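J.: Just so you know, the protein sequences line up as chains U and Y, in that order.
Remember, the numbering used here sits 7 above the position in the first sequence when you count from 1.
Remember, the numbering used here sits 7 above the position in the second sequence when you count from 1.
Derived by calculation from the structure, the hints in this document are not laboratory data.
Given the structure is predicted, the values throughout are model-derived calculations rather than measurements.
Hints should not be assumed to be uniformly reliable.
[Said to hold, decoys possible] Capping the alpha-carbon separation at 27 Å, the derived lysine-lysine pairs in DSSO-like fashion look like this:
id, chain 1, residue 1, chain 2, residue 2
1, Y, Lys77, Y, Lys151
2, U, Lys160, U, Lys128
3, Y, Lys126, Y, Lys160
4, Y, Lys246, Y, Lys256
5, Y, Lys246, U, Lys72
6, Y, Lys256, U, Lys151
7, Y, Lys77, U, Lys60
8, Y, Lys72, U, Lys128
9, Y, Lys151, U, Lys72
10, U, Lys51, Y, Lys160
Number of protein chains: 2
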Amino acid sequence: MCQLLGMNCNVPTDICFSFEGFCERGGNTDRHQDGWGIAFFEGKAYRSFIDTKPSSESPVAQMVKNYPIKSLNTIAHIRQATIGAVELSNTQPYQREAWGLNWIFAHNGDLWNYNPIIKGKFQPVGTSDSERAFCTIMNTLAAKYPDCPPPLKQLYKELEEICAPIAEYGTLNFLLSNGQLLFARCSTLLYYVIRQAPFNEAHLIDKDMSVDFTHLTGDNDRVAVIATQPLTNNEAWTKFEKHQLIAFKDGQPVEFD
Amino acid sequence: MCQLLGMNCNVPTDICFSFEGFCERGGNTDRHQDGWGIAFFEGKAYRSFIDTKPSSESPVAQMVKNYPIKSLNTIAHIRQATIGAVELSNTQPYQREAWGLNWIFAHNGDLWNYNPIIKGKFQPVGTSDSERAFCTIMNTLAAKYPDCPPPLKQLYKELEEICAPIAEYGTLNFLLSNGQLLFARCSTLLYYVIRQAPFNEAHLIDKDMSVDFTHLTGDNDRVAVIATQPLTNNEAWTKFEKHQLIAFKDGQPVEFD
Numbered sequence: 008m009c010q011l012l013g014m015n016c017n018v019p020t021d022i023c024f025s026f027e028g029f030c031e032r033g034g035n036t037d038r039h040q041d042g043w044g045i046a047f048f049e050g051k052a053y054r055s056f057i058d059t060k061p062s063s064e065s066p067v068a069q070m071v072k073n074y075p076i077k078s079l080n081t082i083a084h085i086r087q088a089t090i091g092a093v094e095l096s097n098t099q100p101y102q103r104e105a106w107g108l109n110w111i112f113a114h115n116g117d118l119w120n121y122n123p124i125i126k127g128k129f130q131p132v133g134t135s136d137s138e139r140a141f142c143t144i145m146n147t148l149a150a151k152y153p154d155c156p157p158p159l160k161q162l163y164k165e166l167e168e169i170c171a172p173i174a175e176y177g178t179l180n181f182l183l184s185n186g187q188l189l190f191a192r193c194s195t196l197l198y199y200v201i202r203q204a205p206f207n208e209a210h211l212i213d214k215d216m217s218v219d220f221t222h223l224t225g226d227n228d229r230v231a232v233i234a235t236q237p238l239t240n241n242e243a244w245t246k247f248e249k250h251q252l253i254a255f256k257d258g259q260p261v262e263f264d
Numbered sequence: 008m009c010q011l012l013g014m015n016c017n018v019p020t021d022i023c024f025s026f027e028g029f030c031e032r033g034g035n036t037d038r039h040q041d042g043w044g045i046a047f048f049e050g051k052a053y054r055s056f057i058d059t060k061p062s063s064e065s066p067v068a069q070m071v072k073n074y075p076i077k078s079l080n081t082i083a084h085i086r087q088a089t090i091g092a093v094e095l096s097n098t099q100p101y102q103r104e105a106w107g108l109n110w111i112f113a114h115n116g117d118l119w120n121y122n123p124i125i126k127g128k129f130q131p132v133g134t135s136d137s138e139r140a141f142c143t144i145m146n147t148l149a150a151k152y153p154d155c156p157p158p159l160k161q162l163y164k165e166l167e168e169i170c171a172p173i174a175e176y177g178t179l180n181f182l183l184s185n186g187q188l189l190f191a192r193c194s195t196l197l198y199y200v201i202r203q204a205p206f207n208e209a210h211l212i213d214k215d216m217s218v219d220f221t222h223l224t225g226d227n228d229r230v231a232v233i234a235t236q237p238l239t240n241n242e243a244w245t246k247f248e249k250h251q252l253i254a255f256k257d258g259q260p261v262e263f264d
């Protein structure tokens, strides 16, 4: 099993505070020590940092914690290996380019005996169930929409439909972003919190560390943080419903008609 | 214009020494200060580190210099922007997945008025001539070989053929690797050196720094280093011929019949 951390904002924001607590779960406060990764969108581009060392010890994670990268959409993952060896090819988040956009995906959960025939332009590089699910999602979308991605509402519906049969193989909690918005899907366990004015102080669960967002934010800033387990002990985290898919844009869930 | 650095080896080797000198050219000993990037293959997987800061100042570059990552195929790039803005989407190396393999590409040179209609599964995310060339190369290969990549000799010939018309638009020096081998193509300027037993001390041109490879290597180790300009002043660098394409495997050029 693994843990997920995502952030979607209306202004580019760094994830340093949340990542600081999240990293502790990679070998210190929790046992997710089989690698980690984080991907930041900057415009249409992204950059990712991944390592097979535990996030609590990794020199790459240390650098990420000290180098604030501001992003509208960020996805991080810490791994406890179950399906697929501890090696870089099974270290998430995964990325593929489709329609001139980067798509970033990270999965938490096990999909037992999920070995579909993967037909299409996206093929797994590694051996994880997660990458097979990602390639299946992207191939299904690309086959149905060869020239450009569907509009947001349609994309949301397609993702719900594509994911339902995959989720029957086990647990499919995931984060997916194309840099424009961030989808979060829950099979079993996922929470989110919205930070917006009036801002307050937040205190991490995994490390004795607080930050007062009133000093760091503008009145109109809005940030959604999504995580497998709440990262702070004094904020109101909302638990996802089972099989709920939420599209986050500009720091809040998109309401569809 | 930009500069390229590549390494292909028969045993996983870190690039720290060469990268140390190469980074100096990103703002110190040379003017390539509009971003940089490096990609390391580890098995079939890769990880890349990119930054829009000059490599001589970037905290990410500092971390890469201090964290030896051993790889059979490494590609690095420092940028002096000409076509395409200074932003992350135009920062190389670029990557695409094809046939379940990662393909990494970095380009040096300008391709003036190179605006082909890019048909196929690989589309540019950014606005650089380099990414357009990379997508064209990959789309041409994928269209001709939909199910699996061609064997090495055939791949070499295809690349020669695909590249010739692109190179007519200007300068097409590039490095391309799928993790199994490294292709280096020269329009105007590219050098390589082979390090193998008996090993010697090497001294950087861009920094007063030497390394004695006799203490760091095994008798059978072999490393090819490819660079836009020689990195050391006491080794025998071979200059590529104009429009020469070399496939490096196990630390040496592949000889085709």
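J.: Identify every previously stated hint that the structure contradicts and give their numbers, smallest first.
T.: 1, 5, 6, 8, 9, 10
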